[in-house]
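Colleague: Next come the chains, spelled out residue by residue.
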Amino acid sequence: LVYLVDDDASVRAGVGRLLRLAGYRVEAFGSAAEFLHRYRDGAGCLIADIRMPGIDGFDLQDRLRAAGRGLPIVFITGHGDIPMAVRAIQGGAVDFLTKPFDQETLLAAVERAVAMPRDLYS
Amino acid sequence: VTGPAEPAVLRALRVAAVALAVAAGYYVGVRIGLVLRLPPATPSILWPPNAFLAAVLLLSPPRRWAIYLLAALPVHLAAVLPVGWPAPMVVLLFVTNCGEALLAAGLIRTFSDAPTRFDTVRRVSVFFAAAVAAPFLTSFPDAAAVSWLGGETFSEVWRTRFMSNVVAELLLIPPLVIGAREGWHRLRGSSPRRIAEAALVGLAMVAIGLWVFAAPAGTQARIGGSRVTLILPVLLLATVRFGTAGASFSLLGTGLISLWAGTQGRGPFSGMPADDGVVTMQLVLVTLGAPLLLLAGALGERRATREQLEERLGFEELISRLAGAFVHLPGQALRETVEEWLQRLGEWLGADRVSVLTLSATRSELSTAYCWAPGGGPASGVLSRRDLPSVFDLLRREEVIRFPARHGSDASAAAGEEWARYRQVRSILALPLVAGGRVLGAVCFSVEAAARHWPEDLERRLELVAAVLGSALARQEAEDGRKESEAIKTAILASLPSWVAVLDRDGRVTTVNESWNRIVNENEKSAKLTAEIGVDYVELCSSAPVAEPAALAAGIAAVLAGERTSFAMEYPHPSREDDRWFGMTVVPLRRAEGGAVVACTDITGRKRAELEALRSRDEMAHLTRVSTLGVMTVSLAHEVNQPLTGILTNAQAAQRLLAAAKPDDAELDQILRQIVSDVKRASEVIRHLRELLRKGGGEPGPVDLNQVVDDVVSLLHSDAVIRGVSLSVDLASGPLEVMGDRVQLQQVVLNLVANALETFAEGAGGERSVMIRTATEAGDTARVSIEDTGPGLSAATVDRVFEPFFTTKPKGLGMGLSIARSLVVSHGGILEAGRHSSGGASFQFTVPLAGGERS
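Chains as they are written, first to last, in this note's numbering: chain E, 11 to 132; chain U, 564 to 1418.
FYI, nobody ran anything at the bench for these hints, they're computed from the structure. Heads up, some of the hints might be wrong.
Some chain U residues close to chain E (C-beta under 7 Å, calculated; not the full set) [said to hold, decoys possible]:
| id | residue |
| --- | --- |
| 1 | Ala1200 |
| 2 | His1201 |
| 3 | Asn1204 |
| 4 | Gln1205 |
| 5 | Leu1207 |
| 6 | Asn1213 |
| 7 | Ala1216 |
| 8 | Arg1219 |
| 9 | Val1239 |
| 10 | His1280 |
| 11 | Val1284 |
All residues carry an ideal CB built from backbone N, CA and C; glycine is no exception.
All chains, please: the whole structure from these sequences, using the hints.
Modeller: Set out below in structure tokens:
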């Protein structure tokens, strides 16, 4: 199961479709708040945009960790710089992808995330 | 009233001379009195000394009376003692004589309004009463003395003395007083004809007098006393022709002749017993004299009234001629006319100086504008408020200043007295000159030698003079002002580099300045739209070599017709060497006959500068756009990367689908749709970017401000997200169409919204939002406002944000807002900065809606 949080509809549609065709079950959300509302603990991984109105990607990461609801995260962002990537990885993210990205890059990152042992995040 | 100062020695000499004359006169009087008596009785038929003394007393001030009476004492003693009367009686007679003179003079002085004149009924009546009362009363002590010391009968003495003195006073006082007072002047001032007439009447009087009174004694018996009446016509003639003087002198003559004849034993009364003859003669004289003098008084009164009336009429005529002279007076003749009239008034009034004083603009000085004095005294002079503040105060209250006062003393008289002392004159009258409710100055009459009184009716008539002079002064002031402004206007017109022409209401050239003439003469008139005087300018313009000659002609015609308050046009004039620009302005002439002023100027320099400024502003605007976008690269990349991500992922998903054994066509269709939409979205962003990065403005056209805001918001959306600022929009319903340059308007909005986003510091708390609103205002204006909840602008900043190079940002150029404002202004709008109620900054600009009235 892959959770997808991005405020951009085009991105949600394209990424969601690609992951489904690659055999993943995908649940997409337009904002972090919506995801936090609907998310029940369980297996899978989270693909999240960093710059979003309201709660941004890093906030979401902090909140999940603080609540002890560990979930491997792959960040995707419209513009990435080194400090941002460093912050994401230090926060425990699996990967940090800059839009637009190739399907191999995405699927590899998701594969790694899903394979992560759950207890690493608990 | 005291006379002008006179050295004491001279005064003493004068008094001594008068005293000597008194003595001489008294002596002569006594001699005549002693001759005219019927010895041995003491009282004479006519006793002149007392009347002479009374006349002297009437003519001299009371403080000299004692001197003059004492001067007569030695003469009295010298003349009377030789007669052989006892000395004490002689002295007592002197006392009673003096007493009679004092009594008569005192009574007349007390009851007559002019003691030395006998020309009204009242004055004559007072004189009669005194002339009878004084002898009546003083004859008692006199008779007592004579009867006691001289042994004569009291009643006899009293009667004779009383009668002789009454006759003396009646006959002598008027001619003595009149002769002394005005004799010489009157004689000198009379025409030869008048003198001849007087001589003839005198001769007739003497001839008839002699015939009547000096006929030989024998004839009297035959004709009786009836011949006496024959003297009456000549006396009446003298009275009617020569007034009091004629009456009194002819009476005196008649009296002297009849008395002389009486003493010679001739005349109508010679047949009677001596006493009766004397008394009859005296009674005849008194009964002749009284009505004649009264008649003279009545005639004098009538003449005075007539003269007064004539004077008044003459004065009215003078004033009406004065007013007439000023009505149609050409400005340059004013000075001579005013001076001529001041002279006439001065001569009429017997003034020593008549001047027109004008009040200075500061109202602190009175300067002599016009002046007349008989000797041509000092023509100019300035009176300062410091010297005579009360005079200024009264004049400014439009009050008359007169000295001496008419009744009692008042503020006017006090100020007048001060002024009179300042000018060393004895009387002064100043009337304020008022025109249009404003005090312009005063007209001032002064008399040096005598204390002239200013009767009310005279003053009222002089007020008319003041009114005429006041309006003349006002006219002159206006004339001077007009001339001055005329001169200034001519000078200004001549000095103008513009070529200026005045058109009449039909559009014909009537007046031109030098520059205009030069152009006409240089044969450049068609190019520079000038023409000779008399040419129909509107017609000329309707075929002028400009882009819209019809509009030009219509504009000028509209100004001439009063439909427009001004018309302006700029037009290029291409030539081989260089292109030049000219500007024309037409404004109406605000005058009854209408017309307009046309001014043309070479504005090539200004026009070039304007074009230059426009170019450099466009370059600057481009630079700011580029720099603004440069700052936004990150968010712009984000904005493009989003659809790109969608496209890429969708495309790769499609590849996967196609690789499957049985591709889902519906899914593929959806993928393609999404790709198309994402491509459109990305290209839109690129298009906006390119538009903004393009250099120079395109052709102006209709622009929808709502669309402009949408475009800018789509560019800045990511920037807002990155900064964590919520960007909301509240657009007016329906398109907000304005005429202008889309890029320039986009730049304005972009600049304002980007600024708003930048005000939020990284990670600062609080509400972070920017609101963009569009609305219509007053039906003809579009308003766009951008409000943020940031830290806002300080009061000092609000005033300076639009200044070039003013910035609060560390890396700011300080040009953004300055350029934004010039772009808005070039669209005919206003860009303002303010503080939002939430504490944040608020910027708003207006642009006139398309289709509305555009200038």
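Colleague: So which hints don't hold here, by number, going up?
Modeller: Hint check: 9 and 10 fail, others pass.
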